[in-house]
Amino acid sequence: MKSIKGVFLKQLYDFLRQPTILISIILMPILALLMSFIIEPYDEGVSVGLGVVIMFAPMFLAFGPISVASNAIAEDIEYKRLRFLMMAGVKSWHYLAATIIFVMLISVVPILIFGFIGGFGFTDFLIFFAAMIFGSLVSIIVGATIGLISKSVQQAGSITIGAGMLLGMLPMLAAFNETFANIAQFLFTYQIGEIMMPGANILRAVLIIAANTVVFFGLFVWAFARQGLKRVPACTQVK
Amino acid sequence: MISMQKIDKSFGNKQVLNQISFEIPRETIFGLLGPSGSGKTTIINILTEQIAPNAGVSRVDAQPFEIGLMLDDDGLYERLTVANNLKIFATIYGLPNNAGLDIARSVELDGEMNTPVNKLSRGMRSRVALARAVIHKPKVLFLDEPTSNLDPVTARKIHGLIRNLREAGTTIFLTTHNMQEAVDLCDTIALLSQGKVIEQGDPKEICKKHNSYKTIPDLESVFVNLTGIKLD
Ligand SMILES: Nc1ncnc2c1ncn2[C@@H]1O[C@H](COP(=O)(O)OP(=O)(O)OP(=O)(O)O)[C@@H](O)[C@H]1O
Ligand SMILES: [Mg+2]
Numbered sequence: 000m001k002s003i004k005g006v007f008l009k010q011l012y013d014f015l016r017q018p019t020i021l022i023s024i025i026l027m028p029i030l031a032l033l034m035s036f037i038i039e040p041y042d043e044g045v046s047v048g049l050g051v052v053i054m055f056a057p058m059f060l061a062f063g064p065i066s067v068a069s070n071a072i073a074e075d076i077e078y079k080r081l082r083f084l085m086m087a088g089v090k091s092w093h094y095l096a097a098t099i100i101f102v103m104l105i106s107v108v109p110i111l112i113f114g115f116i117g118g119f120g121f122t123d124f125l126i127f128f129a130a131m132i133f134g135s136l137v138s139i140i141v142g143a144t145i146g147l148i149s150k151s152v153q154q155a156g157s158i159t160i161g162a163g164m165l166l167g168m169l170p171m172l173a174a175f176n177e178t179f180a181n182i183a184q185f186l187f188t189y190q191i192g193e194i195m196m197p198g199a200n201i202l203r204a205v206l207i208i209a210a211n212t213v214v215f216f217g218l219f220v221w222a223f224a225r226q227g228l229k230r231v232p233a234c235t236q237v238k
Numbered sequence: 000m001i002s003m004q005k006i007d008k009s010f011g012n013k014q015v016l017n018q019i020s021f022e023i024p025r026e027t028i029f030g031l032l033g034p035s036g037s038g039k040t041t042i043i044n045i046l047t048e049q050i051a052p053n054a055g056v057s058r059v060d061a062q063p064f065e066i067g068l069m070l071d072d073d074g075l076y077e078r079l080t081v082a083n084n085l086k087i088f089a090t091i092y093g094l095p096n097n098a099g100l101d102i103a104r105s106v107e108l109d110g111e112m113n114t115p116v117n118k119l120s121r122g123m124r125s126r127v128a129l130a131r132a133v134i135h136k137p138k139v140l141f142l143d144e145p146t147s148n149l150d151p152v153t154a155r156k157i158h159g160l161i162r163n164l165r166e167a168g169t170t171i172f173l174t175t176h177n178m179q180e181a182v183d184l185c186d187t188i189a190l191l192s193q194g195k196v197i198e199q200g201d202p203k204e205i206c207k208k209h210n211s212y213k214t215i216p217d218l219e220s221v222f223v224n225l226t227g228i229k230l231d
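Listed in order, the protein sequences are those of chains Y and Z.
Numbering that gives the first Met the number 0 puts the first residue of the first sequence at 0, with every later residue one more than the last.
Numbering that gives the first Met the number 0 puts the first residue of the second sequence at 0, with every later residue one more than the last.
Careful: at least some of the hints might be erroneous.
Below are the DSS-like pairs computed for lysine-lysine, each with C-alpha atoms no more than 27 Å apart in a straight line [to be verified]:
| hint | chain 1 | residue 1 | chain 2 | residue 2 |
| --- | --- | --- | --- | --- |
| 1 | Y | Lys-90 | Z | Lys-136 |
| 2 | Z | Lys-156 | Z | Lys-138 |
| 3 | Z | Lys-136 | Y | Lys-79 |
| 4 | Y | Lys-79 | Z | Lys-208 |
| 5 | Z | Lys-156 | Z | Lys-5 |
| 6 | Z | Lys-156 | Z | Lys-136 |
| 7 | Z | Lys-195 | Z | Lys-136 |
| 8 | Y | Lys-79 | Y | Lys-150 |
| 9 | Z | Lys-138 | Y | Lys-90 |
| 10 | Z | Lys-195 | Z | Lys-208 |
| 11 | Y | Lys-90 | Y | Lys-150 |
| 12 | Z | Lys-156 | Y | Lys-150 |
| 13 | Z | Lys-207 | Z | Lys-13 |
| 14 | Z | Lys-195 | Z | Lys-5 |
| 15 | Y | Lys-79 | Z | Lys-138 |
| 16 | Y | Lys-79 | Y | Lys-1 |
| 17 | Y | Lys-79 | Z | Lys-118 |
| 18 | Y | Lys-79 | Y | Lys-90 |
| 19 | Y | Lys-90 | Y | Lys-1 |
| 20 | Y | Lys-4 | Y | Lys-79 |
| 21 | Z | Lys-118 | Z | Lys-5 |
| 22 | Z | Lys-203 | Z | Lys-156 |
| 23 | Z | Lys-195 | Y | Lys-150 |
| 24 | Z | Lys-156 | Y | Lys-1 |
| 25 | Z | Lys-5 | Z | Lys-136 |
| 26 | Y | Lys-1 | Z | Lys-136 |
| 27 | Z | Lys-136 | Y | Lys-4 |
| 28 | Z | Lys-138 | Y | Lys-4 |
| 29 | Z | Lys-207 | Z | Lys-195 |
| 30 | Y | Lys-4 | Y | Lys-90 |
It is worth saying that the hints were derived from the structure and are not from the lab.
Excised from the complex, chain Z in its bound form (with noise of 0.2 Å):
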């Protein structure tokens, strides 16, 4: 569903991504984790074909139209209301009437329909892009971060909510440094350090293979054994 094959990427004399490849299954959550600066972005940027590779191949097997996304950049109209917002968005894809008010129920913000998004809180904020990345039921989801700076109790939402996507055929491809969040939420993931794929599989499993399965799945101590790099 979405591939990358020996992806190769610098800015300047800065390569940031090297020989990145990995294959994604259609109706799962894939979790790409790793530190600040790895590459996360510039992945999602080279998929979504915002940047072209310098070597390698990456797929998509959907039309711009049947993805949707979701940026840290989130590039909301500020002084709208959430209801303009989505409403846009619903006549654009040609949606029906009530479409913005469907999702926004579905992300728990049928409340705030009226408020402008520059008086919401970040959480609901991100519930709003999120919420705009999906109106249109996409096959294919990017995700950049979905739950940082967010409280758990809103990022557990947004997991739930997520899930749901799957299961009505999304497939999901998020990035994270959470890496509570990869084992609770990810079908598979990817573990990027210094723009190189380290690790990548069933996050339970890769915690298996490292014996860094305590009570919990401890992917965070995997991590840290194999790059020596403390995430915060």
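Just chain Y, same shape as in the assembly (with noise of 0.2 Å):
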């Protein structure tokens, strides 16, 4: 617990001193909460508060969480700095759960900005926030595996922008071209948009997500096994 606390602070200092960051995870809900001041109403059954919302929260989750855990995790290995911890007691299932259990809760804030422009009554606010907080922890995931596989924090950053790109911008595009729709149907940041549809196949949906939460789940645990957290000396480059 005191390790799981110690990470938790770490992450979270971090986090308040790194700007760029910081924008991951509050642009989304942002441009979201303008664009639905902005927008004129355009179709019946959709209220330009939920138009917004699914456009934008499929963005929040393949941006946002995975961002900032691909960030902390990455720069960590790459300053060689969990040797300290380990040596202090932490084990790498602590460094993992307290950097999981801090971008959870961080995720917190967009998703409740997104609940109130959705404008969503308190049946459909639940599923949504539940959705979220889900959609959350499988993008928290993904982010972990990027940390874990990149070499440095300059890579982890490009194949997270890669990653944001295919899980967010497939599902906003799918809503002008079929053949994006045909392939965005099958990623997890479409479907959490989709269940707000009124109308929705909702177990298509459920199912499309466990799925996803099944392949990601998957290749977290292959990163880690193949490397762990690298616990490598820190030692001396070779002269």
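Hints in hand, dock the two standalone chains.
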């Protein structure tokens, strides 16, 4: 517990001092809020608020939690900081659990903002909230996997942008292009938007999200089994 | 307290350590001396179980959390303040809230508590790394070149701190290429050259034995005589 608390504090302090990472978490809800004021009503079935949420919530899942998780883990590995934590008794699972819990918690605020913009009724809000929390978890797992496999923070950043494009832009472009829609429908980010559509096929969405979870969690386990947190010596460079 | 017996270590086909043996009694300061690339950091990595030797036995009589570690790669959180860096480790060790400030005071950094680590001078940064290494009052402390790149005044402060830790019951293992530091500070030393321990014992005795005890014990010339290698 002490270990988890210590790592949690580290991630919190570091997050607060990194404006670029902070932005990745608050950008999408703020954009969504602005858009909800700007956009004129355009569809009978879907309110402006809901339309904006369906567009931006997947983008948040694709860029927010992923970035925070991958950046934090990649940096601690690159700068060989984990050795000191491990010597102090922090286990790999303490480190990962603390990091995941931290990113989960900071994702709650944007989710609540989306919930507000969406103007949901009580039941719909609960469904939306549960779906987004679960989506954030999957997103964090993807970010953690990227952090584990990257050789540097910079590399993690590039992979994160690639993953974000795939998970975030596809669902958005799906609205304009059928090919994109056909691919995007298999992404959890798309299905989380779908769930909120009137008359959505909830069962299908849940199954796809579950399948995504299995795949991404599997990748995470693979990445961890491969190198762990790279507890290699913080040794000298070969001269 | 700390010992190595007949340790061999190679990287690829390059033998870095060759039959290294030594024994360090508790509550003493042990200095491992040798030129760059002689295998000092590798020995610390083996003792702290970061890498496995090819042969031989190493032992440290302490649990991992009773060990303190200060390395060249200091692993500090650069953007975080001194206070927050220390707070994180105080939390992990379950220490009281004032532990960070207390330890910062002992390395004279209590005035810099709210400075981010990346804004500190090199000497200050080393002291933060040292403070973090000793915040939990470890039984065994490993210091990899704790005073390299420090000005003499700061180095002397760190020497004082290391002595205090020994008085408080800590066993200290340090590496250095500074011969004078070894003579002034260490109870016992081992001279390492090309992966072998070529001499070990009380540094002043070693100097006497090799007739290099002028007005001050001159370990440097002993080393040069023994190895033919001149240190910078
Ligand atoms: N992980 C590694 N892979 C390959 N070679 C290594 C590795 N770690 C160390 N070496 C080699 O082992 C030798 C000893 O290295 P080591 O870092 O222990 O020396 P050192 O005495 O600490 O030097 P310095 O005073 O410069 O810190 C060097 O030649 C180095 O290149
Ligand atoms: Mg070294």
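So, going through the hints one by one against the coordinates:
As the CA atoms of Lys-90/Y and Lys-136/Z are separated by approximately 21 Å, the hinted pair is consistent with the 27 Å bound. Between Lys-156/Z and Lys-138/Z the alpha-carbon distance is near 21 Å, which keeps this suggested pair within the 27 Å criterion. At roughly 23 Å between alpha-carbon atoms, Lys-136/Z and Lys-79/Y fall within 27 Å of each other, so this suggested pair holds. In summary, the hint linking Lys-79/Y to Lys-208/Z is not supported, as the alpha carbons are separated by about 42 Å, beyond the 27 Å threshold.
A C-alpha spacing of about 35 Å is found between Lys-156/Z and Lys-5/Z, which places the hinted pair above 27 Å, so the restraint is violated. Under the criterion of a C-alpha separation no larger than 27 Å, the hint pairing Lys-156/Z with Lys-136/Z is consistent with the structure, at around 18 Å. With a CA separation close to 32 Å, the supplied pair Lys-195/Z and Lys-136/Z exceeds the 27 Å bound. A distance of roughly 12 Å separates the Cα atoms of Lys-79/Y and Lys-150/Y; the hinted pair therefore holds under the 27 Å criterion.
Taking the CA atoms of Lys-138/Z and Lys-90/Y, the gap is about 21 Å. The hint holds against a cut of 27 Å. A hinted pair counts as satisfied when its Cα atoms are at most 27 Å apart, and Lys-195/Z with Lys-208/Z qualifies at roughly 20 Å. Proposed proximity of Lys-90/Y and Lys-150/Y is supported: the alpha carbons are some 21 Å apart, at most 27 Å. Restraint check for Lys-156/Z and Lys-150/Y: the C-alpha separation of about 38 Å exceeds 27 Å, so the hint is violated.
Taken as a hint, the Lys-207/Z and Lys-13/Z pair is broken in the structure, with Cα atoms around 35 Å apart against an allowance of 27 Å. A C-alpha spacing of about 10 Å is found between Lys-195/Z and Lys-5/Z, which places the hinted pair at or below 27 Å, so the restraint holds. At most 27 Å may separate the alpha-carbon atoms for a hinted pair to count; Lys-79/Y and Lys-138/Z meet this at roughly 24 Å. Restraint check for Lys-79/Y and Lys-1/Y: satisfied, since their Cα atoms lie roughly 21 Å apart, inside the 27 Å limit.
Taken as a hint, the Lys-79/Y and Lys-118/Z pair is honoured in the structure, with Cα atoms around 20 Å apart against an allowance of 27 Å. Pair hint Lys-79/Y plus Lys-90/Y holds up; C-alpha atoms about 15 Å apart against a cutoff of 27 Å. Note on Lys-90/Y and Lys-1/Y: the hinted pairing holds, with a Cα-Cα distance of about 11 Å set against a maximum of 27 Å. Taking the CA atoms of Lys-4/Y and Lys-79/Y, the gap is about 20 Å. The hint holds against a cut of 27 Å.
For the suggested pair Lys-118/Z and Lys-5/Z, the alpha carbons sit about 44 Å apart, so the restraint of at most 27 Å is broken. Of the pairs offered as hints, the one joining Lys-203/Z and Lys-156/Z holds, with about 22 Å between alpha carbons and a cut-off of 27 Å not exceeded. Taken as a hint, the Lys-195/Z and Lys-150/Y pair is broken in the structure, with Cα atoms around 34 Å apart against an allowance of 27 Å. For the proposed pair Lys-156/Z and Lys-1/Y, the alpha carbon gap of about 32 Å is over 27 Å, so the pair is violated.
For the hint linking Lys-5/Z to Lys-136/Z, the alpha-carbon distance of about 30 Å lies beyond 27 Å, and the restraint is violated. Proximity of Lys-1/Y to Lys-136/Z is assessed by CA-CA distance (about 17 Å); at most 27 Å being required, the pair is judged to hold. The straight-line distance between the Cα atoms of Lys-136/Z and Lys-4/Y is roughly 21 Å, inside the 27 Å bound, and the hint therefore holds. Between Lys-138/Z and Lys-4/Y the alpha-carbon distance is near 24 Å, which keeps this suggested pair within the 27 Å criterion.
Proposed proximity of Lys-207/Z and Lys-195/Z is supported: the alpha carbons are some 22 Å apart, at most 27 Å. About 13 Å separates the Cα atoms of Lys-4/Y and Lys-90/Y, which keeps this hinted pair within 27 Å; it holds.
Going down the numbered hints, you'll see the structure goes against 4, 5, 7, 12, 13, 21, 23, 24 and 25, while the others check out.
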